[in-house]
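Could you put together the complete structure from these sequences and hints?
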Amino acid sequence: MARIVGGINVTHVPYIGRAIANNLQQDAYWKPFFDGFPPVRDWLAKVKPDVAVVVYNDHGLNFFLDKMPTFAVGAAPQYQNADEGWGIPTLPPYTGDQDLSWHMIESLIEDEFDITTCQEMLVDHAFTLPLELLWPNQKQCPVRTVPVCVNTVQFPLPTAARCFNFGRAIGKAIESWDSDARVVVIGTGGLSHQLDGQRAGFINKEFDLMFMDKLVTDPLWVTRYSVPDLVELTGTQGVELLNWLTTRGALGGEVTKVHANYHIPISNTASGLLAMEVV
Amino acid sequence: MARIVGGINVTHVPYIGRAIANNLQQDAYWKPFFDGFPPVRDWLAKVKPDVAVVVYNDHGLNFFLDKMPTFAVGAAPQYQNADEGWGIPTLPPYTGDQDLSWHMIESLIEDEFDITTCQEMLVDHAFTLPLELLWPNQKQCPVRTVPVCVNTVQFPLPTAARCFNFGRAIGKAIESWDSDARVVVIGTGGLSHQLDGQRAGFINKEFDLMFMDKLVTDPLWVTRYSVPDLVELTGTQGVELLNWLTTRGALGGEVTKVHANYHIPISNTASGLLAMEVV
Amino acid sequence: MTTGKQKRVIPGTTIFDGDQARKGYALNKMCYSFNSEENRQAFLADRDGYCAKFGLNEQQKKAVFDLNVLDMIAAGGNAYFLAKLGGIYKLDMQDIGAQQTGMTKEAFQAKLIAAGKN
Amino acid sequence: MTTGKQKRVIPGTTIFDGDQARKGYALNKMCYSFNSEENRQAFLADRDGYCAKFGLNEQQKKAVFDLNVLDMIAAGGNAYFLAKLGGIYKLDMQDIGAQQTGMTKEAFQAKLIAAGKN
Ligand SMILES: [Fe+3]
Ligand SMILES: [Fe+3]
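Protein chains in written order, with full-length UniProt numbering: chain A, 1 to 279; chain B, 1 to 279; chain C, 1 to 118; chain D, 1 to 118.
By construction, these hints were calculated from the structure, which means they are not laboratory data. Incorrect hints may have been included.
Said to hold, decoys possible - Below, computed lysine-lysine pairings styled on DSS-like, alpha-carbon distance capped at 30 Å:
| no. | chain 1 | residue 1 | chain 2 | residue 2 |
| --- | --- | --- | --- | --- |
| 1 | B | Lys257 | C | Lys117 |
| 2 | A | Lys139 | D | Lys90 |
| 3 | C | Lys29 | D | Lys29 |
| 4 | B | Lys205 | C | Lys111 |
| 5 | D | Lys29 | D | Lys90 |
| 6 | A | Lys46 | A | Lys257 |
| 7 | A | Lys205 | D | Lys7 |
| 8 | D | Lys105 | D | Lys61 |
| 9 | C | Lys53 | D | Lys29 |
As the list claims (entries may be wrong) - DEER-style ranges, computed between Cβ atoms:
| no. | chain 1 | residue 1 | chain 2 | residue 2 | range |
| --- | --- | --- | --- | --- | --- |
| 10 | B | Lys257 | A | Ser226 | 33 to 43 Å |
| 11 | A | Thr217 | B | Glu206 | 50 to 60 Å |
| 12 | D | Asp48 | A | Thr217 | 51 to 61 Å |
| 13 | C | Tyr89 | D | Asp71 | 50 to 60 Å |
| 14 | B | Ser176 | A | Asn137 | 48 to 58 Å |
| 15 | B | Lys257 | C | Thr104 | 36 to 46 Å |
| 16 | C | Phe65 | B | Asn22 | 26 to 36 Å |
Claimed, not checked - From the derived model, a few chain A residues whose C-beta atoms are all more than 10 Å from chain D:
| no. | residue |
| --- | --- |
| 17 | Ile4 |
| 18 | Gln25 |
| 19 | Phe34 |
| 20 | Asp111 |
| 21 | Thr223 |
| 22 | Val279 |
Quantities reported herein were computed from a predicted structural model and do not represent experimental measurements. Here a beta-carbon is modelled for each residue, glycine too, at the ideal position from N, C-alpha and C.
In structure tokens form, the structure reads like this:
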């Protein structure tokens with residue numbers, strides 16, 4: 001059976017793509033963000049995953065409001081990145097793992113998750129940039145991928161409890177996959193930020209740090225909050241932390257922290273990074 | 001609060017559209033099928049629904065395998081019918097009920113159904129023809145509509161138990177809608193038929209009759225069967241009976257039979273009709 | 001591509017599961033395009049070019065050219081999408097049923113009627 | 001269009017719920033089209049015609065012409081889609097944040113940095 005080696009949660013912001021393209025990693029503005037990654041890359045070099053299941057949210061590239069899924073799972077041989085309208089460089093395609101995709105789809109629907117299956121799927125910066133940050137300077141991303149897209153765009157969003165349980169079901173699916181592959185689960189987005197409204201620029205350091213701590217030790221703590229609570233506490237886009245929670249769910253019971261980083265701001269966002277190993 | 005007046009399950013087959021267009025209702029081939037409807041229309045005239053929630057499956061008009069939802073709920077102001085490639089007449093647009101749509105979406109996601117929301121949606125023969133059969137010869141369908149689409153196309157399909165519970169959650173949503181509207185739930189598709197493979201033409205009268213009976217008296221009986229069991233018992237397209245089961249779920253506890261009809265064959269299908277009133 | 005998992009066998013029946021969906025994606029996508037009259041005409045005008053545009057493999061193209069439904073299913077075709085290809089050739093469901101069961105259309109229709117008698 | 005249901009109020013914050021999604025569909029659909037360079041150029045070449053093609057109402061069109069983000073949100077715009085319109089005008093997220101909060105860009109950036117200090 002396949003083995004989950006751990007999980008990594010990491011912020012996504014389009015401008016990270018521009019910073020990478022322009023080699024700004026050691027620039028004073030970007031350094032505190034990029035310096036978080038080497039210890040996580042070292043850990044990845046040690047645990048050697050073959051496949052990454054990437055839990056993210058689409059930002060209006062693959063999904064529009066005509067067909068907006070709560071949970072979508074990719075089942076394509078390859079995933080293309082594409083123009084999102086912001087002039088950030090388009091990255092090369094990602095190789096899918098269709099065997100794992102279909103095994104997950106079978107298992108998740110059997111477990112009563114009403115997913116949308118995507119045999120063709122464009123992946124945006126929320127999928128590509130975290131992979132680029134974790135495996136930099138590669139012609140081709142060295143792991144096979146399965147995209148899992150969570151709706152954080154159009155309310156109502158899935159509840160925190162539903163996301164956590166969805167993550168658990170993803171973990172169960174991976175661990176029942178008849179393969180000797182090593183799988184890492186990656187969650188992207190957050191932490192606190194709000195792009196829109198008079199409250200634009202809202203950031204909540206205290207909550208973010210508590211969230212990162214609780215995610216390791218007591219993830220169900222998050223489920224006490226409704227989605228509107230989370231918007232109030234973390235901003236309209238801060239709710240992307242649901243992807244972090246889903247990822248944590250996939251890791252199951254106990255985890256240890258491999259490495260964490262937190263820095264304010266990159267763009268309008270409190271950036272977080274949290275790598276966890278399954279005990 | 002809104003009130004569910006009852007539910008109607010009815011077979012859909014594209015060629016019904018041609019029979020209606022060519023006025024073949026009293027033709028020997030079609031008469032046993034069309035003669036089932038007058039008593040149900042009389043009942044509708046009596047219970048006077050304002051809105052129809054229509055549980056059906058798309059046949060490759062609105063959904064392709066690039067984005068295939070397990071459960072989709074329409075939230076459009078209007079739903080267009082369109083060319084499905086078979087030369088059956090395209091019917092005029094249907095008026096949506098966006099208030100009910102969004103109330104259902106809120107309630108279903110709160111109840112942990114991971115639906116896909118559709119603010120634009122083409123509706124195929126499985127949606128249009130049952131409405132045409134129930135309200136014939138109208139310039140414009142006299143009820144507002146909310147389409148609910150269940151995946152019966154690409155396996156894995158939702159389990160029978162999940163469909164029944166989805167129906168229950170739909171019923172709960174309707175009944176908690178702050179409106180004095182009267183709502184009928186309509187399920188379309190089935191009964192036993194198989195279009196593809198060496199077993200094409202397979203029909204199972206015994207199971208169909210049992211199913212129609214149990215749906216009224218003991219709908220959980222159906223949940224003892226896995227989806228592959230249902231394919232074996234009712235054919236590859238017979239599984240569309242999941243739409244009937246979902247509809248029955250929406251009616252809640254006890255129901256009485258208003259009228260039923262069963263006839264073999266229309267096209268390759270065992271046709272069923274079952275109107276139920278909530279006790 | 002197989003998962004090694006034991007699959008349910010139902011004689012004469014192909015369940016359109018992940019294996020089928022993977023295999024048949026290009027074929028089904030082409031059939032999905034036949035919702036448009038313009039596309040149906042484009043197909044009829046240049047079947048070879050149209051199949052190539054959707055990336056059908058040789059097995060799929062041959063099944064389409066032969067209008068052989070069982071071969072299309074073996075190549076990953078899904079009944080709901082294939083029906084749109086049948087529509088182009090004005091094949092109704094009894095034509096398609098007869099072809100797959102190796103019966104005349106009359107015999108196939110008689111079989112359907114007989115199913116209502118028992 | 002309102003459901004009568006009590007909505008959660010979060011100051012300075014519009015939750016993109018069903019009411020917003022209904023109101024803003026045309027605007028958001030237009031913004032979604034801006035994933036394509038060809039569409040972005042078509043918009044710039046004829047903003048009026050492009051807005052009309054997507055059926056924007058007067059309120060939405062005015063907000064777009066004024067490039068006023070708060071007005072776009074009031075007209076049903078969603079941040080993720082609106083960002084693509086901002087991209088056409090090379091507005092970054094601090095430009096947009098500054099505009100909405102009535103601050104200079106420098107003051108808005110200072111506010112973000114300050115959020116990390118406490
Ligand atoms: Fe984001
Ligand atoms: Fe059907």
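Output the numbers, in ascending order, of every earlier hint that fails for this structure. none
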